[in-house]
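Student: Each chain sits in its own coordinate frame; assemble them with the hints.
Letter by letter, the chains look like this.
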Amino acid sequence: MKVFIVGAGISGSLIARELSKYDIEVHIVEKAPDIGWGVTKANSAIVHGGYDDPPGSVRAMFAAYGNKLYDELSKELDFSFKRVGSLVVAFKEEDMEYLKELKKQGRENKVEDLEILEKTELKKKEPNLSDKVIAALWCPTAGITEPWDVAMAAIENAVENGAMLHLGESVKDIVVKDGKVSKIITDKAEYKVDVIINAAGLFADEIAKMVKVANFEIFPRKGEYILLDKKLKGLVNSVVFPTPTKKSKGILVVPTVDGGILLGPNAVDLPKEKKYDLSTTRDGLDEVYVKSKKLVPKIDISYTIKTFAGLRPETKEKDFIIGPTKVWGFVNVAGIRSPGLTAAPAIAKYVVEKIFPEDLKINLQRKKHFNPYRKKIPNIKEVGLEEWEKLVKKDPRFGRTVCFCNNVSEGEIVEAIRRGARTLDGVKFRTRASFGRCQGGFCSLKIMEIISRELNIPIEEIKLNYEKSWIMDGKVRV
Amino acid sequence: MRREKVDVLIVGGGAAGLAAAISATKEGVKTVLLERDRSTGGVLNQCIHNGFGLHVYKEELTGPEFMERMWDELKEDVIRPNYTVLEIKPKTREVVTLSEEGLVIFEVKALVMATGARERPLSSLQIPGSRVAGVYTAGVAQKMVNIYNRLPGRKVLIVGSGDIGLIMARRLKIEGMDVVGVVEIMPEPGGLIRNVVQCLEDFEIPLWLSHTVVEIHGDQRLNAVTIAKVDKNKKPIPGTERKIKVDTLVTSVGLIPQNELIEGFVEMDPINKGPIIDEFMRTSIKWIFAAGNNVAIHDLVDFVYEEGKIAGYYAALISKNEKLPDSDKRFLRGQNVGVLLPQRFSQKKSFKIYLRPLKSFKKSILKFDDKVIRKFNWRIRPSEMIDLVVKDFNNFGPNVTVEVNEID
Ligand SMILES: Cc1cc2nc3c(=O)[nH]c(=O)nc-3n(C[C@H](O)[C@H](O)[C@H](O)COP(=O)(O)OP(=O)(O)OC[C@H]3O[C@@H](n4cnc5c(N)ncnc54)[C@H](O)[C@@H]3O)c2cc1C
Ligand SMILES: Cc1cc2nc3c(=O)[nH]c(=O)nc-3n(C[C@H](O)[C@H](O)[C@H](O)COP(=O)(O)OP(=O)(O)OC[C@H]3O[C@@H](n4cnc5c(N)ncnc54)[C@H](O)[C@@H]3O)c2cc1C
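Residue numbers (the numbering used here), protein chains in the order written: chain A, 1 to 478; chain B, 1 to 408.
Isolated chain B (complex conformation) (with noise of 0.2 Å):
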């Protein structure tokens, strides 16, 4: 087993990972990016679609093109593909990885984690019926799609109206196959807005809202779905059901975090799924860092990218030795607030803030403790991240409440 002593490690590639790769070798301190698979790139590697970079690079680049962006920034060569970490020691601050030239132990001063997030499978939501080939989820299919030059089958339903179901039926129908609709069992499109338009409607597929997937049909490979009506606790309503021929169903019915490493260690929050940070991206742990999609899942690679530099940028501080403040205020969810981040911060510094509302508002303000911060005179989701620097905290004491109103 090799030991190797590192200033600041890195663990997941993809934008957050780069991102905190370029902030922290500016910052002139040895720095070493893990990546599990075989390059660097995360999801950005499948999104061939554009609609990447529109803050950072202020164009709209596809998702390939922005990976080569970063790469480009990146002036050092600190990527290291293939390397798996098997383990994270939080006493020693030790890091067990695997790879092709066997174990490797790092030593470090501060970590980054930027892991990003997996989809949920449809295998976990229960649903009846029999298990057959022909049910993938987005990613996978995305992945064939756009890597392997395969499809997945003829005519297909999308389960989930997130960006990713909608940009997968679009790109679906374009090569060739019956997009025969897209189930949602929430009462509105999970995705951007812009999405539903350029995704569906411009191409005529049929978006059915509160409705959901309910019987799945075949031998050996998928030949029907059962769908259904639901009602407003996401029950199907008896009599609703309807049988449609497809032989391939494709499912976005969330990601969820990839913390695994770090779970048993590090504070949690159970709503963003991800660690709890503060405002230099910090975990419960002096010298871990996380950004990305293991935090909370972001719609913009923009905003990913920008977290990442953060985490970055403090971890190389950390790993020379200097002070960053305690974070010993904190955020705390008031009414309509679901993903918030982050959760602590130390007052120092003006920061971006990231929330999600839990329902939709037409107009609707957001307040600090009784104090308006920001007005919202147009329509609010939660499928659409708000981020907002906030600069001023003087008026504040430890425990700051963050809530949505709807106003008239």
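Chain A on its own, in the form it takes in the complex (with noise of 0.2 Å):
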């Protein structure tokens, strides 16, 4: 039995690992360098409650469930979750009617614990919201992570029970034989293959039109977001949110695992072909100003670190489309839409758990060793002061700060180049270094230092992420 999942987003990640509990041959194809690297990366981050989506809809299903899962996850993998909650906030009379909507459609969507907070308690929740608030929506369950981590401790994890990882390798046809799937091609080689789960995340349809199946189409809807100092640590407390429109949430006010505040996003639809297009605009940016600072007028975007953007694979339909397609072995995890991160771990133990046994008939075996647990890279920050001590007295590299805004040691990035690292970016999203303030105008080329030692390879060679993305053009002199 050999399964191909294409994409290693959050989706694909989570099907991997919970694919790798069982006696099958696992195989997982990334055409982007790393781990996390398409819809994955740039989105805002939130395990939403679940009480938002329509009762009925393939998202309210998982979104709920999804979320609660999250606990044991973020235990067995060790990556970054906290449950912050989420306000909906109201400014005017009309907006407390949809309040009251939706906390009886979180209720149809099991989801508990849901509250309508007045004026003066929500301003001993969160102080710095406005003054024009009249009442909103809390939900204690909603949390926050960062979504590449999961995806890419998912992926550690199944690798580490068996999984085949192949980065850098793209999915570029299919070939179907007497109604199923047979061959898999890429840029790279041929593969005999079993079953084919489709998370491809943006492209999802065009991996769908290999086998004829599609009969759904994916454009990109973009969200520009502002990140903003961790000076502002505790400006919010939890995710704050507008009286959402039917486009999207709207722009939210949200605080990073890590201590910073994200702002956005906003949601542009774009055409088909634009499904690469990360650029953020001059009316976007503003947008994402004007609408967040009218949640929190305190907010102040002179300690913007960065911006950046994100797109949505939407469909028509606006739903999910979870499940098998008439070519047998053919299974699409496509749509994954917001709320998908929230959704992804439902979605991969539906994908195992029912897909597999039920549509497709396959009785997949529990392996008997199968390890659970992943460790993450350790941090000072959240290792605390005496276990570090330790640390660096076992690896004296530890102990020596290559960034300097975020703490991360140079044991860090190596630890970092040792599971998969090839980029700076690839160190960037596993350690949190060049994250920081300075966005790495004291590391970056220390980083590369590293890189270059570690993987004997010639500094200039090192890339930013992509395969074009070079930094450094050759010798001044020889």
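Keep in mind that the hints were calculated from the coordinates and are not lab data. A couple of the hints might just be wrong.
Said to hold, decoys possible - When the alpha-carbon atoms are kept at most 16 Å apart in a straight line, the in silico EDC-like pairs for lysine to aspartate or glutamate are as follows:
id	chain 1	residue 1	chain 2	residue 2
1	A	Lys376	A	Asp131
2	B	Lys173	A	Asp473
3	A	Lys233	B	Glu260
4	A	Lys376	A	Glu415
5	A	Lys376	A	Glu93
6	B	Lys109	B	Glu322
7	A	Lys475	B	Glu175
8	A	Lys393	B	Glu101
9	A	Lys233	B	Glu263
10	A	Lys390	B	Glu100
11	A	Lys468	B	Asp219
12	A	Lys92	A	Glu76
13	A	Lys231	B	Glu260
14	A	Lys394	B	Glu322
15	B	Lys348	B	Asp328
16	A	Lys231	B	Glu263
17	A	Lys275	B	Asp219
18	A	Lys306	B	Glu215
19	A	Lys192	A	Glu25
20	A	Lys230	B	Glu260
21	A	Lys367	A	Glu160
22	A	Lys306	A	Glu415
23	A	Lys394	B	Glu100
24	B	Lys371	B	Glu406
25	B	Lys235	A	Asp286
26	A	Lys390	B	Glu101
27	B	Lys155	A	Asp473
28	A	Lys294	A	Glu76
29	A	Lys230	B	Glu263
30	A	Lys393	B	Glu260
Tutor: Laid out in structure tokens, this is it:
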């Protein structure tokens, strides 16, 4: 039994990890040079409560359950996850009706503990909220995480349990024989397959076209963000949403797990061919600023660290497309728009525990020696000083700081490389080195020096992220 | 965790920290200088151009030469590289640090903050466009060329005409890059006139004043930028956009003093962006001193050196339990005064003040409470820090307003 998963985003990664609990051959093919660099890299990082998806939708079915799975998952895979709670705020009486409706909807989706807070109570929780806010729907179970980290953790654990990861390899075609998938063809090789899971994010429609089952199209909807410095920690303690519109949940103010404040996203539909367009726009950034300031007037844009954009994989149906197709062995996990991060753990379980036995009639055998645990790369801020000292005594490289803004040591960078980082972004997303307020001013060249030394490659061959993102041109003098 | 008692602990081993170490050790007190990087010198390490030390050593030195002079002056071995300060505890005077030998907690009698500045990254400016490789701060480009012996690309536009941007324009040109120009959002260059002439005019590099970058283009690696003219409010003027093909953007858009370790408990100046200090370089906490670019951004290393010496000396006195007079007088910013230090003083001694005017003036006067202190018959500008020694304060009250006014 050979299963190929296309895409190492949050969806594919968690499916891979779930499948690695069983006695089968699991492969993950990812065209990017690293894990989680698609949609999973740039989003709001919220594990939603699950109250705002229309009851009866596929989204609703997975989001609330996915949320519940995060506690155990974060313990097993050792990634940051905080249940900070979320607020949907009302400015006008009409909004109040909406909050009540949301609360009711939440109950239908089996989201408990929803509560409407009056102004005084609200101000105690979030003193920096606009005075114009009159009430809010409080959902204590909403949380925040680092999406790419969840994906990396899941893959590391899957690989530990025998899965095979093919990075920098792009699926180009799929061969169907007698109504079944038989071969997967990439830009590097051909493999015999029994099952293909299409978790290709923005490109899932193109993968589906390869087996001629594409009855959906994916178009990108851009969301732009502004990230503010950790100095503003505490500006908001929970996720703050406005009353949403039909198109999106609106522009939010979100604390990040490492103490920053994220503003955004807006929502702009792009034509199909713009699936690579991650540029920010003047209008978009202005909109994010103006609208987030309405929620939290104290927002000070001079604390900006960086701005970026993400693309949502949207379909006309506005819903996840999860399930088998008329080509046997080809399973879609497509159209995974928001709240895909939230839903992913539940989707993974559904694919493995439901689609495999019931639709594909494959009885998977549990592995005898599955190890559910993965340890994250330690950081001094999270480990505590005494523990850290023990680490330094074992390996002095943990005592040598490379990234001054986020206190990342040389030991951590070497470990990130050992775990597969090959680029500056690879190190950055595994360790947070150069994620801080100076954005790599002090450390990026040192990180390159370490990569060059550890991998024994010339420093000018190191990339920022993708193949063509070269950093140095060559020697000044020989 | 190891504990260690020291008299004067210096945080940061750039010009300010090294100078503080020189004067503190001369006073015979136990001094330790912690540097988080692998060696001391700070920005001097990467500045291989000359223009350092005219005041202090009466010679034009390069950055590394200036640094070596300081090392020579430092008789005792007090430097500890690869030491990161994690926390300063103001109540117990403990400084928690990390090094290759583990955690060390210093119990200090006095402390000198000499942590310098960091560069403002372009990403903080919210310029729309692609997020691509090929955009570097001047400091990164400078390290790449001067320390790593690598070029950042082939064709470059420089953003910001401060001294650093100007110097990098020249350096990259000399090293063979096509430097298409320097854009500056202000109507005047940000750096010393000397540098505009020596770095741009002599190399025929164009300077576009009142211009900024409005968009970044590229797929993975930078391939072009759009620049535009700006109006009086620094807003881009529609219709003036111009797309320029470059594979590299080098930005020099400001330095930010680094005070994260103390800003929670030390009084800060929102304009200097550093701690409020007095003529002894003492902060609002009696045993904490500060000097150099973390107090305010300085143009010349000589100023930084002088401040470091003062801070180290008085920190040593404090550590020997000597008393310093209270600094109960203050300077207030009047018209046209930006960066100003010190902000407090005790009136006992003559001392130097530094200031930057907010605008540029052809001829002007500097006044303390309506009394003319200095006449400038030459152009003064925000980019050039003014230093002057003040001798006599007897005729002033506790609050002295400093202002600059234009004259004919
Ligand atoms: C602006 C924005 C905000 C969001 N906010 C939230 C939120 O707060 N909470 C939440 O729950 N969800 C949120 N989401 C949704 C969430 O980010 C996505 O649902 C989720 O990341 C989708 O993951 P994925 O694994 O399906 O796709 P991806 O992460 O895109 O993974 C697919 C992978 O497939 C690879 N691939 C594509 N084609 C090929 C090929 N031919 N060969 C090999 N590999 C290929 C891609 O490189 C990619 O890495 C947000 C999304 C956006 C854009
Ligand atoms: C590109 C450039 C060109 C210049 N050209 C000239 C010139 O031609 N002539 C001239 O006179 N001046 C010039 N200057 C100005 C002058 O060099 C600087 O103002 C001066 O060197 C700054 O010294 P400093 O000690 O304040 O800061 P820095 O040199 O920044 O030193 C601060 C040190 O503190 C360390 N540090 C910071 N935080 C910590 C911590 N928490 N723990 C331990 N250590 C820490 C840093 O690693 C650094 O080594 C130039 C400056 C630059 C940036």
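Student: Indicate, hint by hint, whether the structure satisfies it.
Tutor: Against the structure, the hints come out as follows:
Distance hint between Lys376 of chain A and Asp131 of chain A is unfulfilled; the C-alpha atoms sit about 41 Å from each other, more than 16 Å. For the given pair, Lys173 of chain B sits about 15 Å from Asp473 of chain A by alpha-carbon distance, which is consistent with the 16 Å threshold. Taken as a hint, the Lys233 of chain A and Glu260 of chain B pair is honoured in the structure, with Cα atoms around 13 Å apart against an allowance of 16 Å. The suggested pairing of Lys376 of chain A with Glu415 of chain A holds, with an alpha-carbon distance near 10 Å, which does not exceed 16 Å.
Under the criterion of a C-alpha separation no larger than 16 Å, the hint pairing Lys376 of chain A with Glu93 of chain A is inconsistent with the structure, at around 47 Å. Straight-line distance between C-alpha atoms of Lys109 of chain B and Glu322 of chain B comes to about 12 Å, which keeps the hinted pair within the 16 Å bound. Note on Lys475 of chain A and Glu175 of chain B: the hinted pairing holds, with a Cα-Cα distance of about 10 Å set against a maximum of 16 Å. Taking the CA atoms of Lys393 of chain A and Glu101 of chain B, the gap is about 7 Å. The hint holds against a cut of 16 Å.
As the CA atoms of Lys233 of chain A and Glu263 of chain B are separated by approximately 14 Å, the hinted pair is consistent with the 16 Å bound. The suggested pairing of Lys390 of chain A with Glu100 of chain B holds, with an alpha-carbon distance near 11 Å, which does not exceed 16 Å. Between the alpha carbons of Lys468 of chain A and Asp219 of chain B the distance comes to roughly 8 Å, so the proposed pair stays at or under 16 Å and holds. For a cut-off of 16 Å, the pair hint linking Lys92 of chain A to Glu76 of chain A is broken: about 43 Å separates their Cα positions.
For the suggested pair Lys231 of chain A and Glu260 of chain B, the alpha carbons sit about 9 Å apart, so the restraint of at most 16 Å is met. As the CA atoms of Lys394 of chain A and Glu322 of chain B are separated by approximately 43 Å, the hinted pair breaks the 16 Å bound. Among the hinted pairs, Lys348 of chain B with Asp328 of chain B is consistent with the structure: their alpha-carbon atoms are about 11 Å apart, no more than 16 Å. With a C-alpha separation of about 10 Å, the suggested pair Lys231 of chain A and Glu263 of chain B falls inside the 16 Å cut-off, and the hint holds.
For the proposed pair Lys275 of chain A and Asp219 of chain B, the alpha carbon gap of about 12 Å is at most 16 Å, so the pair holds. At roughly 15 Å between alpha-carbon atoms, Lys306 of chain A and Glu215 of chain B fall within 16 Å of each other, so this suggested pair holds. For the hint pairing Lys192 of chain A with Glu25 of chain A, the CA-to-CA distance comes to about 11 Å; that is within 16 Å, so the pair holds. Restraint check for Lys230 of chain A and Glu260 of chain B: satisfied, since their Cα atoms lie roughly 11 Å apart, inside the 16 Å limit.
Restraint check: the Cα-Cα separation between Lys367 of chain A and Glu160 of chain A comes to about 13 Å, which is no more than 16 Å; the hinted pair holds. With a C-alpha separation of about 26 Å, the suggested pair Lys306 of chain A and Glu415 of chain A falls outside the 16 Å cut-off, and the hint is violated. This hinted pair checks out: Lys394 of chain A and Glu100 of chain B have alpha carbons roughly 10 Å apart, not beyond 16 Å. Between Lys371 of chain B and Glu406 of chain B, the direct Cα distance comes to roughly 15 Å. Compliance with the 16 Å bound is thereby established for this hinted pair.
Restraint check: the Cα-Cα separation between Lys235 of chain B and Asp286 of chain A comes to about 13 Å, which is no more than 16 Å; the hinted pair holds. About 10 Å separates the Cα atoms of Lys390 of chain A and Glu101 of chain B, which keeps this hinted pair within 16 Å; it holds. Our distance criterion of 16 Å between C-alpha atoms is met by Lys155 of chain B and Asp473 of chain A, whose separation comes to about 11 Å. For the hint pairing Lys294 of chain A with Glu76 of chain A, the CA-to-CA distance comes to about 39 Å; that exceeds 16 Å, so the pair is violated.
Proximity of Lys230 of chain A to Glu263 of chain B is assessed by CA-CA distance (about 14 Å); at most 16 Å being required, the pair is judged to hold. Distance check on the hinted pair: Lys393 of chain A and Glu260 of chain B sit about 27 Å apart at the alpha-carbon level, beyond 16 Å; violated.
Comparing the model with each numbered hint stated earlier shows that hints 1, 5, 12, 14, 22, 28 and 30 do not hold.
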